[in-house]
Amino acid sequence: MNEKKTGTAEDIVLSVSGLSKHFRVGKRTITALADVSFQVKRGIVTGLIGPDGAGKTTLMRLACGLLLPDSGSVTVLGLDATRQPLAVQQSIGYMPQRFGLYEDLTVQENLDLYADLHNVPMKERPDRYDRLLHMTGLAPFTGRLAGRLSGGMKQKLGIACALVSPPPLLILDEPTVGVDPVSRRELWDIVYSQVKERGMSVLLATAYLDEAERCREVVLLHEGRFLGQDTPQAFSSRLVNRTFTIHPRGSGNRRQLLRQLRDHRETVDAIILGDALRLVTRTSMTPEEAAGIFAIDPAQWQLEASRPRFEDSFIDKLEREKEKEGGGGSGLRAIKAGAVQAKGDGPAILVRDLRRDFGDFCAVKNLSFTVQRGEIFGLLGANGAGKTTTFRMLCGLLPATSGTLQVAGHNLRVARAPARARIGYMAQKFSLYSDLTVRQNLVFFSSAYGLSGKRQKERIRWALESFELTELQNNESGELPLGYKQRLALAAALMHEPEILFLDEPTSGIDPLARREFWGHINALAAAGVTVMVTTHFMEEASYCDNLVIMARGQVLAAGSPSELTARFSTPDNPEPSMEDTFIHLIETFEQQEAATGKTTGGRP
Amino acid sequence: MNPMRLRGLINKESRQIIRDPSSIGIAFFLPVLLLLIFGYGVSLDARNVPLALVVEKNSPQAMSLVSGFSRSDYFLPIPMRTIQEAEQAMMRRQVDGIIWLRHDFAREMLTGGKAPIGVIVNGVDANKARLIEGYVTGVWFNWLQRMKKAMGQELKIPVTVEHRVWFNAAVSSRDYLVPGLIAIIMTLIGAMLTSMVVAREWERGTMEALMVTPVSMKEVIASKIVPYFVLGMGGMLLSVLMAVFLFQVPLRGSMLPLILSSSLFMLTAINMGLFISVAAKSQFVAGQIAIVITFLPAFILSGFVFDIRTMPVVIQWLTHLVAARYFVDILQTLFLAGDIWPLFLINSAWLCLMALVFLVIIRKKSRKLLE
Amino acid sequence: MLRKILALMKKEFRTILKNKKSRMVLIIPPIAQILVFGYSASFDLNNVPYAVYNEDPGLASRQLLARFSGVPEFAKVATITRDSGIAPLINEKKVMLVLHIGPDFTRNLNRGRTAKLQVILDGRNSNSALISLNYVRDIVKSFNMQWAARHGMQPVPAQLVVRSWFNETLNSHWFIIPGIVALLALVVTLEVTALSVAKEREAGTFDQLLVTPMTPLEILIGKSLPGFIIGFVEATFIIAMTILWFHVPFRGSFLVLYTGIFAFLLSAIGIGLMISAISVTQQQGLMGAFLFLVPAVILSGFATPIENMPQFVQYITYLNPMRYFLIIVRASFLEGASFSLLWNLYWPMVIIGIVTLSAAGILFRNRMY
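Protein chains in written order, with the numbering used here: chain A, 1 to 605; chain B, 1 to 371; chain C, 1 to 369.
Same shape as in the complex, but just chain A (with noise of 0.2 angstroms):
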């Protein structure tokens, strides 16, 4: 029997045959995997996609036989998983979502574990760190403990521990979440190289759309469903002439536009891009003819076709799940926001030099931007930028060491409390009362910006209904799944109707659905007249902004609009730069300007 699966397994390293999944939380039962069969090819990259709850990481810990599945098989190298983990376990590299480095460990003794624990012959072992080192790049940071790596540094250690005794398959889960793009490019390369040098095959889950085009196989998953597996570009093909651009001519509003277009029972998605709008819809049609059906004003704007990305066929494949389910494309609507007086003039938040040091580090430095009333402001920035320290200082949660900070006309420095009542806030996790109900929460947020009576109760049904959490009220939040948590945190910092919106990575960790309904309303909020200063590490999403600054250690390294800053970045080779390549460029300057100073002066890494 054992002979025959090798036989089979000569190019198939994982085989999923009706895998069903159930968990028990509190008293419901949640479906992780229902019925779901495929199989991973040898010696490729293949992408396991789906939103949040669609039950990639659920697939992966049974592929490991860290879970038991309810029913069906998984057979990994020719091995079943349920019945022989342990063997399973031997031959494969597996790294969890949140890998588990020992922080308080360094680089080297990371290494070392998972080198004892695979059993790694002793003189073997110099040889593979050096070549793992070298590969990721923490060749000179051997001595450091893993807790002071950057998120990027960190995964690539991860890998590098997954790597230690080279296995025939490595499964991935979701190794570039929280990661900055450079970073993100870096780990790819490893995957690639490995893939090429090594024949590994690799099975990755990702929510990043762009990264599933990396991928040589996509299998889609959502809701614990199968929906399809195949080449990225035979999903996107079938989306041909279904998409479009749309430049700006004239002066024309593009938030309104998009409205206009959301608003449509043709469009399947419509997105900001820098200046201009892009356009998903759900029949095929040549642009003249969608320039009619969206009653597109032809002085304003011009409308052309572009090539479908693998995003659109995902949006695509989701929307049409989410309709036979009978829900319907609710994805796009967006909250009504009533429209916002803005007490007072001038700039909504004007920042001179800002300046805070931790100790003798100095987190921000000479920071000034001005930030318009109504607009969307991003701050972009690895992880390390300083974007959130200067967050906190904009809400009034860290006093700056120096430098200038009025918000809403309000001196920071003086007057916390005042301000403090016209900005709503997001943190960057889910931090709202996660043992309280939906309604309790906003009860409770309500009544701490003194909301009462009739206005109070006014605000929590607008925000019930806005925010289609009606249904869900009496649930403990905590038990939400978390595009409803984003939209319960919105709904609570908004219960003020505050002037001037906070909001750090509000989007991080939520699936490409959430998050174009989470911009929907920021979209709306805008429009409204309600300044939104957000950060993020998702490029795309900086396009969705109307004025940004990249920061790295604390700097800034440029500002300008998003299309100001990719025009600057125009190359013949690459006469369109995306807001990624622009990022990534910026900050490869910055450090090697830094190198070259730091090596003049000597300075401190």
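Treat the hints as calculated values from the structure; they're not laboratory data.
Fair warning: there could be bad hints in the mix.
In the EDC-like style, the derived pairs of lysine to aspartate or glutamate whose C-alpha atoms are separated by at most 16 angstroms in a straight line are [said to hold, decoys possible]:
1. LYS20/C with ASP435/A
2. LYS18/C with GLU594/A
3. LYS141/C with GLU162/B
4. LYS57/B with GLU108/B
5. LYS10/C with GLU594/A
6. LYS18/C with GLU479/A
7. LYS199/C with ASP435/A
8. LYS18/C with ASP435/A
9. LYS457/A with GLU497/A
10. LYS116/C with GLU162/B
11. LYS429/A with GLU202/C
12. LYS317/A with GLU223/A
13. LYS93/C with ASP339/B
14. LYS429/A with ASP207/C
15. LYS20/C with GLU497/A
16. LYS322/A with ASP52/A
17. LYS365/A with GLU594/A
Among the chain B residues that face chain C by a calculated CB cut under 8 angstroms, a handful are [to be verified]:
18. ARG47
19. SER72
20. LYS114
21. VAL121
22. ASP125
23. GLY134
24. LEU144
25. ARG146
26. ILE157
27. HIS163
28. SER172
29. SER173
30. PHE284
31. GLN332
A few chain B positions that, by computed beta-carbon distances, are all more than 12 angstroms from chain A [unchecked claim]:
32. ILE26
33. SER67
34. PRO79
35. MET91
36. HIS103
37. THR137
38. GLY152
39. ARG164
40. THR206
We treat Cβ as the ideally placed atom computed from N, Cα and C, and that holds for glycine.
Use these hints to put chains B and C onto chain A, whose structure you have.
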């Protein structure tokens, strides 16, 4: 168990301990601190008890009784003029007792009547009150003998009690409390050191990464026990040295049973901590459980201050669940009495049983699955 | 302002009482502890196991020994006939004491000479040894009185007439059980408060709270009130148990006691919130609470008197609110004390409370990175 994997895990665990100042602090700093506070703070021997002396009328007899109280180490006599004044002082907790000699004290004594010596003690702290009563009786008895001797007579008392307190002739409560303290402190430390270590791995996600490697759970458990055992024994050694050299508690037993029982107890405490950790899966809950089930039960139910033999039977059974009780018994005996093997063996057997039961539960609870 | 505080308080209560587990933590341990500790924490000895080693054939020795077998304090477990029998019994803790009567006990008594009762005690628990020795002396004393009266012996010229106030029978339960009120009230309030800020810090909700227009004072009050209410309820429950279940007499006024509870809770909550405000993680909060709790209990006079401690340790105890409250509880129960006797115990707790609460308020805002 694979030696290379086990070595790797133990190395890892030891390095984490060395890097984490809090576990070093818990193992070495905490016992010193606690032993200092408790060693000096916990004593049941009343010394310099403030005592109001009311002598309504001076007489040689009264004077000699008063001098008896003045000379005693146990008392700090405060002369007062009236019984009312003394009672006020007692209400205000300025004195713990009153000795009251009425104006006719000397006359009654000389007429051969039974002259009453009024003794009033504050009974709120019953234990202290009883001790004071005992000390007063001692002073009174000595005084009687002195009086008789002065008169050239012998005090005629039908039966006298002659006592010999074995193991602790000076009846110093510190000598029995300090060994008990070591047991209490090491219970806390063993549980605190390990109650969070498995939970920590779950929380930080390192457990999942560990589980997909070919390690067995046996290896993981062993790698947690060994380094913390070494660390805990270090703390134990420090405590014993402090007891002997700082608090001058005699150590009459020999090293072998001391080392054996300490090891056994440390193992039990660590296993208990690990059990909490495995059961809790969150550092926070683990810490909470560790505190709830270690400190107060060890303090009250171990025989450290309150004698187990005097508790109701049901509660005596309950005390068998408190590992500290066996070690308190062993340590008190080893320090004060010496090697008393039958006692040592029974208590060690109980400790063995507890360590084993915990180990079995840990093994059962820690399957190599995420469910 | 009131509305915001009430909202915060309501939220705190909801998070504390939300799930069954956290409700149980507040209910089960106090009941279990008051029951177990109430019965076990005692210095009184019952059924002290003893052995008799009587070499005297006479009647008097048997009369004396009969007195021992007739009282609940003692329980005879062995009779020995040789010197060598003593050591194993005591060493192995089979008995706490051995009563040794020499061969000429009755003869001496009958001839009017002083007879000796030798008591050999296990000194490993010196406190038990002393107390059982006192019991032995009491029995011998009453035997002596009877003997002297019956044989026309001249009585000793001066007798001790001992009376004890407030606790006539010297029942040490009366001392310990009211102390448990203080012990459990402290544990519960620390449990509720010491983690409340750290928990929010960890979940990120504290930032969310700080960006609202609530002032630190409002946050402080909102966070303190649940501790107060829970502390009052638990204290009341334990007081009721003490009076109704353990029948400890309550002789004072509830006003005096509850004023004390208020001051004590104020200080306990202040300390709890301060620990919480200092800690960044719940773990640190837990550790901090623990590192406060253990010395606070040991150095409070709960089991061992403060007066027996060395002077410098006594100075430390002035910082311990439990020290003051313990006296108030015991005085309220047993002494029936009034405000005038206790006023100097209230203000130190209030000062500790105010200082720690202010520190917590300042730390709320200034410690957040």
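The hints, checked one at a time:
| no. | hint | in the structure |
| --- | --- | --- |
| 1 | LYS20/C with ASP435/A | holds, 12 angstroms |
| 2 | LYS18/C with GLU594/A | violated, 53 angstroms |
| 3 | LYS141/C with GLU162/B | holds, 13 angstroms |
| 4 | LYS57/B with GLU108/B | holds, 13 angstroms |
| 5 | LYS10/C with GLU594/A | violated, 52 angstroms |
| 6 | LYS18/C with GLU479/A | holds, 14 angstroms |
| 7 | LYS199/C with ASP435/A | holds, 12 angstroms |
| 8 | LYS18/C with ASP435/A | holds, 7 angstroms |
| 9 | LYS457/A with GLU497/A | holds, 14 angstroms |
| 10 | LYS116/C with GLU162/B | holds, 7 angstroms |
| 11 | LYS429/A with GLU202/C | holds, 11 angstroms |
| 12 | LYS317/A with GLU223/A | holds, 13 angstroms |
| 13 | LYS93/C with ASP339/B | holds, 13 angstroms |
| 14 | LYS429/A with ASP207/C | holds, 11 angstroms |
| 15 | LYS20/C with GLU497/A | violated, 36 angstroms |
| 16 | LYS322/A with ASP52/A | holds, 14 angstroms |
| 17 | LYS365/A with GLU594/A | holds, 15 angstroms |
| 18 | ARG47 | holds, 7 angstroms |
| 19 | SER72 | violated, 15 angstroms |
| 20 | LYS114 | holds, 5 angstroms |
| 21 | VAL121 | holds, 5 angstroms |
| 22 | ASP125 | holds, 5 angstroms |
| 23 | GLY134 | holds, 5 angstroms |
| 24 | LEU144 | holds, 6 angstroms |
| 25 | ARG146 | violated, 12 angstroms |
| 26 | ILE157 | holds, 6 angstroms |
| 27 | HIS163 | holds, 4 angstroms |
| 28 | SER172 | holds, 6 angstroms |
| 29 | SER173 | holds, 5 angstroms |
| 30 | PHE284 | holds, 5 angstroms |
| 31 | GLN332 | holds, 5 angstroms |
| 32 | ILE26 | holds, 15 angstroms |
| 33 | SER67 | holds, 67 angstroms |
| 34 | PRO79 | holds, 63 angstroms |
| 35 | MET91 | holds, 50 angstroms |
| 36 | HIS103 | holds, 73 angstroms |
| 37 | THR137 | holds, 61 angstroms |
| 38 | GLY152 | holds, 82 angstroms |
| 39 | ARG164 | holds, 57 angstroms |
| 40 | THR206 | violated, 3 angstroms |
Of the numbered hints listed earlier, those contradicted by the structure are 2, 5, 15, 19, 25, 40.
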